[in-house]
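Listed below, chain by chain, are the residues.
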Amino acid sequence: MPLPSEYSSLFLLLLMSPLFLFLLRRKTAARNRRLPPGPPGWPIVGNMFQLGDMPHRTLTDLGAKHGPVVWLQIGAMNTMVVLSADAATVFFKHHDHTFADRTITETMRAHNYNKSSLALAPYGPYWRLMRRLVTVDMLVAKRINETASVRRKCVDDMITWLSKEAGKSEEGGGVHVARFVFLMSFNLFGNLMLSRDLFDPESEDGSEFFSAMTGLMEWSGHANVTDMFPWLRWLDPQGLRRKMDRDMGKALEIASKFVKQRLEEQKRDEKTRDFLDVLIDFQKSNSDESLTVSDKDLNIFILVQTTLKFT
Amino acid sequence: MIKKKLHKISILYFILYDEQEIFLAGSETTSSTIEWAMTELVSNWECMEKVKSELERVVGRGREVEESDIDNLPYLQAVVKETLRLHPPIPLLVPRRATKDTTFMAYHIPKDTQVLVNAWAIGRDPSFWDQPLDFKPQRFMDCTNIDYKGQHFGFIPFGAGRRICAGLPLGHRILHLVLGSLLHRFHWELQPHVTPSTVDKREKIGITMRKLQPLLLVPKLIPSSSSITNTE
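Protein chains in written order, with the numbering used here: chain S, 150 to 460; chain R, 4 to 235.
The shape of chain R in the complex, shown without the other chains (with noise of 0.2 Å):
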């Protein structure tokens, strides 16, 4: 009777305590993650094009962006990374602990030291990046095989090592689908007083790394090419 009471209770501790992680960390890490996405994409209007006429090509007007064509949309990929490379969610990922007393590079570190890797500083390292300031998913199109996977230890939005994200292949899907179908079934315009120029880019610490200010824009839909057949 008792067993079967603990029993369900550990489900339910199961959906509390990691659902409530994955709520948090994906639907906050989702959100700002597509907002600075499409921050960079109206501010740099080169890539936004680019991104677009490549939706076009491979999707076309009749179908959706499904999570199947992530492999053939490169440059999508590269936005997706050079967001991730610039604006990690979690900019000094979760903090880990030292286990016991250990030596690290030389310097003697005491059991239970809690260690913050700057996962923000990192992307932006000069010794690892070229020009590392600027926006441009063009150097993951040269350089396909960097990705955010725990290999490339320049490049860890996700973390690293055992303690990486365990959401990340869904988080992965999740990023492109949801920023491939804001891309392909709307233009987005900027408000009238804004210039890509002028673009506020500034910082909010919260849960992640927010927009100080939202991001504010105004979408068109495209109409998908069965509702012309309909009009027409």
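For reference, chain S alone in the conformation it holds in the complex (with noise of 0.2 Å):
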């Protein structure tokens, strides 16, 4: 029979180390409730560095061993990877709704990106009036047509980009493919959203945009260590957050620019409305509703805002 000091040794130890409890629960947990096979991982990272530089691929050999869905935990967080065909059906067809919200990760707090983004935002009221906009006043087959020339235009000045690099490079020498449909798609969309060239050395606040467009790319790209020790946030180890912060206020100044420009602008024809038209008229249609939330945060005011001015 243990002595008491015993039991209070182990109370100490129990006390101290909620790692030890974390995973006294985790495995409680498995155990009563069955949750999808998987690889054990260490304690804390869990299989975070199990994973490798080609996830998709290991996450493929582990269905092999595990099966089509196989669970992971990746830091703190839980994960499930589905890797079947036969499974996807499943999940999309009955599971659809339940798993309708999106994980969010630290870089994509920046501003509160994560809430008010279409891809991103949770699953509700906001997002659908989102997603209606878009697929309905912006993508819709008809809106699609009438842009057809705007796409070939940036097609051309593609091909012209290229000839002239052809002619440039001596014999046998390549050319980057993918730099010049880069660079054409992103003025692509600049013309179908914003009616310009971002792309343009032409112009200042365009090349401006450009870099602080693609710094946000970079920055979102990374892989953050808060996303998966998400008690680590305070500290942004990598300075992701801030960077993404700066990139993110960098754009913000511009596109406040390309607005009070447009807002300036007389009546625009039919034909020619992009994406920032159809955001303003919408607005203009819908400005009447009185805002009854009065809260500190300035963002999340802009969020309700956003979403009372689309319904």
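Since the hints were made in silico from the structure, they are not lab data.
No experiment lies behind these values; they were computed from the predicted model shown.
Among the hints, a few may not be true.
[As the list claims (entries may be wrong)] Restricting the straight-line Cα-Cα distance to at most 25 Å, the calculated cross-link-like pairs of lysine-lysine (DSS-like) are: (1) K317/S with K223/R; (2) K103/R with K114/R; (3) K103/R with K242/S; (4) K207/R with K392/S; (5) K139/R with K214/R; (6) K302/S with K317/S; (7) K55/R with K214/R; (8) K291/S with K302/S; (9) K242/S with K152/R; (10) K223/R with K302/S; (11) K55/R with K204/R; (12) K204/R with K53/R; (13) K204/R with K214/R; (14) K204/R with K223/R; (15) K139/R with K53/R; (16) K55/R with K313/S; (17) K55/R with K302/S; (18) K139/R with K152/R; (19) K139/R with K204/R; (20) K242/S with K114/R; (21) K53/R with K223/R; (22) K291/S with K152/R; (23) K313/S with K302/S; (24) K313/S with K223/R; (25) K392/S with K406/S.
[What the hints assert, rightly or not] A partial selection of chain S residues facing chain R, derived with a Cβ cut-off under 7 Å: (26) P185; (27) H205; (28) N227; (29) V230; (30) T247; (31) V283; (32) R300; (33) L311; (34) S312; (35) H325; (36) V326.
[To be verified] Covered stretches of chain S (chain R as the covering partner; in silico rule of three or more C-beta atoms under 8 Å from a C-beta of chain R): (37) 208 to 221; (38) 236 to 246; (39) 284 to 290; (40) 329 to 337.
By construction, the Cβ of each residue, glycine as well, lies at the ideal position given by its N, Cα and C atoms.
Join the two chains, each given in its own frame, into one complex according to the hints.
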């Protein structure tokens, strides 16, 4: 029979080791309610370092071993992976609604990006409104047809750049195809949305916007430790959140200039309407709702306001 | 006054938040998909010949490829599909999250579980695809009704369900217009030291799944018939 001191040391250990508790809890949970199979993980980091450079390949291999649905613990995040056409069918056919939310990573929190973005917004009224605005007012077949000439023009420009480049390069020298396609696409979306070439050495705002945007892409593409360990958030060990905030602020400033210019312009021709016009009209026709929100947080205020405006 | 200010800011938020996404999603995925398509075509020369002869036949030399041609270019469509099957630009799609505790395929899934759907593995699932690792656009010619619009869960490069990519109809047009134009206006040759069988196909994960080594090709402008007339 153990001595009382042994009890107390065990008690102390339990108190001092939330990790132990965490593992214990996880084990119990797993015993009582069956989770999908998966590889064993390390304490705290879970399976985080087992995914490698090519997670899609690593996960495919895990599927061969454990079956079409695999369970992982990525840091503190419970993760389920769907790996076969059959499992995907069950997922999208019968569980689409239950899994309608998005996972939010830390860099996406810059300026509350995650709350107002269409792809990342929580599944709810705001998301539905934004989705409707995009699919009905911007990307409906008729609207897409009307802008075919814009796309053709951008592709023509790309062909011109490529011909010049082909003429320049020495015999047998290759051109980096994807770079030309990327610049073309960037301008294409700039024209569809704001009616301007955003990649243009002649326009300062355009190139500043381009570099802020490519910065945002870069930062949001980095793996961020705080996604695995939310309690490190205050520290922002890689400085990603700070960089994201900086570039987001810059982009916000330039975009506000674009909007201001547009609001000052005369009524534009129906044929040349871009996404920004759609957005402005949408707001104008829905500007009477009274706001009953008195939140100190401007971002949330804007979010709610946007929701009201888009109703 | 405050209201007016907020008004403007919310437009801004849309531009930045949603358009950054469109820029990011649109530009990166377009360029990486086109790069993979070109990579597969230069390493599968008979597919290259076939797609070019279709363009020659349907569009001809007198004009450019237009989006209205897409429906008449089934082989070009098959090439785009086969590229997206083998090289979905976002291989694990955008993660979903459980809104509540649930049961999925007899497993218990707690609330807030993140879900990764491996579109890359699904596109290569041997129980769904014949010879899944081969680049064979012909499979979509034999089975034209399989597409990526969210109805066939064995082929989901744009995702599926409520959260299917909102830009899909636009992306569909852009990919065909760009690839069609590149193939219609240029002959694409490999650099002298590369052969179709040694084209590098290693992957790299960034925002999208790109090629590890950028594809470098030698373009030779195909004169349009009007410029031939001019020189004659």
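Check the structure against each numbered hint from earlier and tell me which ones fail, lowest number first. When the structure is compared with the hints, none of them turns out to be violated.
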